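Keeping their order, the protein sequence lines are chains E and U.
Under our numbering, read the first sequence as residues -17 to 97, first letter to last.
Under our numbering, read the second sequence as residues 8 to 119, first letter to last.
Fair warning: there could be bad hints in the mix.
Unchecked claim - Below, a sample of chain E positions facing chain U; criterion: calculated Cβ distance under 7 angstroms:
1) Y14
2) G25
3) L26
4) F87
5) G88
6) S89
Don't read these hints as lab results, they were simulated from the structure.
Fair warning: this is a prediction, and the values are worked out from it, not measured in the lab.
Ideal Cβ placement from N, Cα and C applies to all residues, glycine included.
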Amino acid sequence: AQSVAQPEDQVNVAEGNPLTVKCTYSVSGNPYLFWYVQYPNRGLQFLLKYITGDNLVKGSYGFEAEFNKSQTSFHLKKPSALVSDSALYFCAVRASYSSASKIIFGSGTRLSIRP
Amino acid sequence: DVKVTQSSRYLVKRTGEKVFLECVQDMDHENMFWYRQDPGLGLRLIYFSYDVKMKEKGDIPEGYSVSREKKERFSLILESASTNQTSMYLCATHGLNTDTQYFGPGTRLTVL
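For reference, chain E alone in the conformation it holds in the complex (with noise of 0.2 angstroms):
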């Protein structure tokens, strides 16, 4: 079965230090992954995604994700943090075997970046 563990509730970083958001996840055979991320009072707003190629997938607001397939990993880094980063950050991964295979989400981090 497919599961997505986001192991921290919530993240700390202060304003232009480098961020780090840790996703690990269990599928079988080849994951599509994905990072979405939520601001206030909104729907979930895709960031980026891993489905094949270079494991350093760079995305929106210069976010980009690491894909580690020995270590089932695909954190989300960001080299320098805004305040404006400050939201709710899912990670999401597919089967990549059957295009009717769901889409599974994380549990959710909390970023937040203090100026």
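Please build the complex by placing chain U on the supplied structure of chain E, with the hints as guidance.
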């Protein structure tokens, strides 16, 4: 840009009422989804649909039903609302050739 709209941002209903949540998308996407979002639990899939008049149960379908009479519209129905259905409900869509889901703004439902 894909636009996904939901009929209400906030809704307050009483226990036992029948509740309709509507989702409309303007991108001709085949796939539509209903999730509920609860703190610490992330998004949980209630129902999804791959085509008109087609529906599949997600992970937590109990107490819910859905309707998809037209491609652009996917309705979630709470037959008899209960307090444990108080939650944020999110609709999402994606097309056949993409895995990226597009979400509506959400409906925060409170059942008293």
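So, going through the hints one by one against the coordinates:
no.: 1; hint: Y14; verdict: 5 angstroms, holds
no.: 2; hint: G25; verdict: 4 angstroms, holds
no.: 3; hint: L26; verdict: 4 angstroms, holds
no.: 4; hint: F87; verdict: 4 angstroms, holds
no.: 5; hint: G88; verdict: 5 angstroms, holds
no.: 6; hint: S89; verdict: 4 angstroms, holds
Hint compliance for this structure: every hint is met.
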